[in-house]
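Undergrad: Using this note's numbering, the first residue of the sequence shown is number 19, and each one after it goes up by one.
Treat the hints with care, since some could be wrong.
Simulated DEER-style distance windows between Cβ atoms [claimed, not checked]:
1. 84 <-> 61: 27 to 33 Å
2. 63 <-> 33: 19 to 25 Å
3. 113 <-> 32: 32 to 38 Å
4. 111 <-> 53: 27 to 33 Å
5. 81 <-> 32: 21 to 27 Å
6. 36 <-> 111: 28 to 34 Å
7. 55 <-> 111: 17 to 23 Å
8. 104 <-> 81: 26 to 32 Å
These aren't lab readings, by the way, just hints derived from the structure by calculation. Heads up, the beta-carbon is just placed ideally off N, CA and C, and yes, glycines get one too.
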Amino acid sequence: MSVYLIAQLNIHDRTTYAKYGAAFMEIFTKYDGKLLSVDEAPRVIEGEWNYNRTVLLEFPSEEKANAWYLSEEYQAIAEHRRAASAANLVLIHGDGA
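I would like the entire structure built from these sequences, with the hints used as guidance.
TA: See the structure below:
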């Protein structure tokens, strides 16, 4: 069953964040991930959205998502993301349950 990772970010250091971005796809695709959306100006239809980047990722399974997130490769580049932004990450299941 597919799972989706939603990331809400406030990027405060674009130069450091670019180091993360430069290495992201090579690692991400090794775990069968799909980048579904990156949006820096989503249209808010209700409530408030106080983030300057929103990302939607898809993985074929929770195991693949966890393997990617916990991998040494990803954690090494995630240091750049953590230094350059404040983020919320959630993993949701695609079956609607």
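Undergrad: May I ask which of the numbered hints given earlier this structure violates, with the numbers listed in increasing order?
TA: 2, 4 and 5
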